[in-house]
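Given these sequences and hints, build the entire structure.
Under the working numbering, think of the first position of the sequence shown as 1, with each following residue one higher.
Treat the hints as calculated values from the structure; they're not laboratory data. Think of the CB as a built atom: it goes at the ideal place given N, C-alpha and C, for glycine as much as any other residue. Please note that the accuracy of each hint is not assured.
To be verified - DEER-style ranges, computed between Cβ atoms:
#	residue 1	residue 2	range
1	E21	Y42	33 to 41 Å
2	T63	T4	52 to 60 Å
3	E24	T63	19 to 27 Å
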Amino acid sequence: SYTTDDLVFDWETETPLAVDESIELPQHDLIDKHVGDCTQVYSSGNFTCVQVLFTIKRRLVIT
Numbered sequence: 001s002y003t004t005d006d007l008v009f010d011w012e013t014e015t016p017l018a019v020d021e022s023i024e025l026p027q028h029d030l031i032d033k034h035v036g037d038c039t040q041v042y043s044s045g046n047f048t049c050v051q052v053l054f055t056i057k058r059r060l061v062i063t
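Structure below.
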């Protein structure tokens, strides 16, 4: 691992995450997405981290 002295991850400001609308999960809908910074501070240094959170909803098919 590298500390933030050596390596830093950053999301782009304009379009940090692009989702291809033609890609599908068979039984799910993508409701929302959030990008964030999850950089951690330890006694050995700060370690850079980025994260993405997807909110999905299952499609229920009642027959």
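Under the constraints set out in the numbered hints, which ones does this structure not fulfil? Of the numbered hints given earlier, the structure breaks none, since each of them holds.
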